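Protein chains in written order, with my numbering: chain A, 7 to 628; chain B, 4 to 430.
Honestly, the hints are just simulated from the structure, not real lab data. Quick caveat, the model's predicted, so the values are computed rather than measured. One or more of the hints may lead you astray.
With a straight-line cut-off of 27 Å between C-alpha atoms, the simulated DSSO-like cross-links for lysine-lysine are [stated by the list, open to error]: (1) A:K516 <-> A:K591; (2) A:K130 <-> A:K47; (3) A:K130 <-> A:K145; (4) A:K221 <-> A:K47; (5) A:K130 <-> A:K92; (6) A:K614 <-> A:K290; (7) A:K8 <-> B:K225; (8) A:K474 <-> A:K200; (9) A:K47 <-> B:K284; (10) A:K8 <-> B:K361; (11) A:K190 <-> A:K200; (12) A:K516 <-> A:K588; (13) A:K130 <-> A:K283; (14) A:K346 <-> A:K420; (15) A:K8 <-> B:K141; (16) B:K141 <-> A:K9; (17) A:K8 <-> B:K226; (18) B:K230 <-> A:K8; (19) A:K145 <-> A:K8; (20) A:K602 <-> A:K592; (21) A:K9 <-> B:K361; (22) A:K464 <-> A:K394; (23) B:K284 <-> A:K107; (24) A:K334 <-> A:K516; (25) A:K200 <-> A:K221; (26) A:K200 <-> A:K172; (27) A:K397 <-> A:K420.
Taking beta-carbon pairs under 8 Å as the criterion, some of the chain A residues facing chain B (in silico) [claimed, not checked]: (28) L12; (29) V17; (30) F23; (31) F35.
Virtual Cβ for every residue (Gly too), placed ideally from N, Cα, C.
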Amino acid sequence: MKKLLLSSIIVIIGITFLGRLSYLQLFRFSPNQILEDPAIKAIYDYPERGYIYDRNGELFVGNQPAYDVMVIPREVKPLDTLEFCKLLDIDKQTFIDRMLKANRYSPRLPSVLVPQLSKEDYAKLQEKMRRFTGFYIQKRSLRYYDTNSAANVLGYISEVNEYDLKKNPYYEAGELMGRTGIEKQYEDVLRGRKGVKYIQKDRFNRDIGPYKDGKLDTLPELAKELHITIDKELQEYGERLMHGKRGGIVAIEPSSGEILTMISGPTYDPSLLVGRKRSANYTKLHYDTISQPTWDRSILAEPSPGSPFKTLNALVALQEGVIDPETKFTCYNGFYVGNKKRGCHCGGGIRDMNSGIFRSCNAYFAGTFRRIYGKFDTTDEGMDVWEKHIKSFGLGNYLGTDLPTGRPGRIPGKEYYDKWYGDNRWASSTIISNSIGQGEVAATPLQLANMTAAIANKGYFYTPHIIKKIGASGNIDPRFTERRYTTIDREHFGPVIEGMANVYRYGTAKWIRIPDIEIAGKTGTVENFTRIDGERVQLTDHSVFVAFAPVENPKIALAVYIENGYYGARYAGHIASLLIEKYIKKKITRKDLEKKMLEKTLEHEYIKPYSGEPFKINEYVW
Amino acid sequence: MSGKNVLRRLDWLTVFFYVLLVFIGWINIYSTTLGEDHTSIFDFSTLYGKQLFFIIFSLIVAFLVFFVESGFFERFASIFYLISLVLLLGLFLFGKTIAGATSWYDLGFFNLQPSELAKVTASLALAKYLSDIQTDIKNRRHQLYAALIILVPALLILPQPDPGSALIFSSLFFVLFREGLPLYYFLIPIVLVVLFATTLMYGTVWVAIGLVLLLTLVFLFKKTSVKIPVLPLIITLVVSVLFSLSVNFVFENIFEQRHRDRFALWLRLEKDENKLDQIRKTIGYNTYQSEKAIESGGFFGKGFLEGTRTKGDFVPEQHTDYIFSSVGEEWGFIGTAAVILIFSFFFLRLIGLAERQKNNFGRMFGYGVISILFIHYAINIGMVIGLLPTIGIPLPFFSYGGSGMVFFTLLLFIFLKLDSNRLREGI
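One chain only, chain A, in its complex shape (with noise of 0.2 Å):
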């Protein structure tokens, strides 16, 4: 026994250690783990960002130099600190309570002293800056915007936050990723990919050498330059027409898809959200829930479409040829819905297709919506084939566009009815408003702007799109050179479309036609309600309107909805009607028309439901 104590101790020993060590070594041991040694630290070589030019290749947003002013604590020499703070334009205060946080975080490593410099104040320190040991200067890159349009859909870029880090590994804290508009959209092509040189560190954290002689190493990968589909110079008016009114602009190239202008009224300025005061600005625009400056209307406000919805009634009547464009129903300045009256705007009297539609007849369009439920035995069938319709326009889904966001808008089919009302206790009569684009029916402007450009096309579509080219030669995703047809036959738009003509010569638009353009176009003025202190109250009309031209070969297809402009000839049709001219001519002719647009605004109507006093709506005078 006395022989065996140590000899067994040393073999108990020895298998505790290796139960030990195969725990550390075997099963705690993680083969990943790289980035997680503190003796290696990944540099990273980021290539610049990609500059995005529009249609015509004007620039729109490319990026500038910005320059820290850097301290490494321990090397720095006595100095004149009264001429270094007046050339970095701080006091004397801020300068020791800066220093003395970068020592306390590290004295040997880099911290910022003062953050992103102008070029202006750089130009002054630059030459100065030898004298001043221990600190140097830092060029990093920001987004310059050569515009202050386009907020909405060039979007913005931020420092990705812990979410980000999880969902992408790709990113590593205080890199920049895209936030909204394209630079979220084409974040991998504007991004580029960065390049990495891992370094061997010690424990003070300084360098002593590569990793594995670099063996790992890789090197950037060249942003893309992205060239899109807007007119920045129609952009930029669009904008300039919205002052002071609230809504959303679209515009597409009928024979494209591309889209020529989104706007969102109101906007901001996109250099806002770039330097030093980005943050301040953020809050601000973000907490404005009024106006909501940074909620896009173009593409995500989903209004009743109102009048210029019936042009679709009158192709859905005709292709199941319930009407023909001679068929004419009457109208006693309106339309009766059992024994009750609906009113109607017209005039009055018989109407056809064609003034039906240049006069907007309410009376002619519920009729309309009536035969083509009448043609079916029973309104569910009749539902059926409508929707079908409808939706092949675009409508009722979201359209697939590469936007990082939109909305589907609405076209109720008849499980919607269905579960309103209970199965089978509805009829066409129910749903009348539809007829006229009231009721339940929704769609973006987006949406109206590309059901225009399929009216113009006479029957099909592209997938409207924001991508023209990436890189220098880059193609784009094919889907954005498909045609997609609707179920309307080719031949039934030739009647529509005249009567949309007709608008302008005759109609509803006739105080703002264009000289030596053809336009066809529709009206629409839309109801609309809100809730004051839990009640419904009804505000001033939308105005919207829809149009394209010329007639013959379409350039631009457009959908201007402004909100609480009263009728659609108002606001949305002047705005209208000076962005095709603007498109078309480059030019404005009808100064007048332009002052008025450029000055007047609807402040006015936004403040009434939070004035807490009673207020007239659809005011005459304006």
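Take the given structure of chain A and dock chain B to it, following the hints.
Using the frame of chain A, we list chain B on its own:
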């Protein structure tokens, strides 16, 4: 005696293990202390160069040992022992302080650490005393004398302060156990350590309840034929409980905060995970870094000179006490397991050699050598892999340091010299 005979009788297997350990140790010191500029391995301005010099010097010492008559060590054991005690005392007057401990004499080119010498001389003195024909290990008085030989140098080293080295001397009790000191003495420190730890973890009340339950079980399951002395058992119980009570007092009032923190970490006394983590990264920083380095080596290791944490000097004192973590990082489990196995076989081989000695002095000294080398190994590696609290003692043949290298070699080769002469000098 011809040199040729000595070489033939030398136990080459042990020498092989020795050379292997020294070689692996130096390789790791090289990797740990290699700077940016690669210079010759004989560059004495570098630590690995110096260590290489110490190794060569040690080999010369080992070689010279064979020219000394083997009776010399036994004859002069008492003198050597007294000299080393004088040297330890002299430290109080002439000692050089390094890292807070006054443990060295400054000899200009070399710092001599007399506590290393004392390990050799105490082993010799103990063996000489026990092998004396008049010494009877069963005699209480003789047991006390033997214990004093062990404890006096330890008590002189303790106030340097160098509690680690002082602790080493307690390993010489293994020699006494081998020579017939009743084994239940061995139980006393174990019981005390267990009582100490359990009291800190669960408190005196639970320890007392546990002890009573344990005794009840013994009474219930004992064979009826076995008679248990009731009174001594109860006295033991009472003493244990009293000891347990004193533990809290000692822990709270005599220990310093850094000691309390070490135990808090070791026994997981701190239940708050955040605070424990805090302790781990401050008080337990060395162990934390060394565990991480070993862990990151995985099964195969990162390869020679590829240890990122080794290169970055993340493990403090890596070339001295924490050299084993470098093995773990660069050579992986293969390397660490190999080192553990080599050490284990080395010790077992030495026990074999000790047991075959014809003369008592040789066997006793052999056990002294094994005990001292083994306790270094067990405490050092236990600490580096996080099983024991931080106790600063080197790993024999591995850790950087001249005194250690020379005296461990001396210790080993005096024994090998005795072994090679065992037949000639037997009785």
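Taking the numbered hints from earlier one at a time, note which ones the structure violates and give those numbers from smallest to largest. 2 and 19
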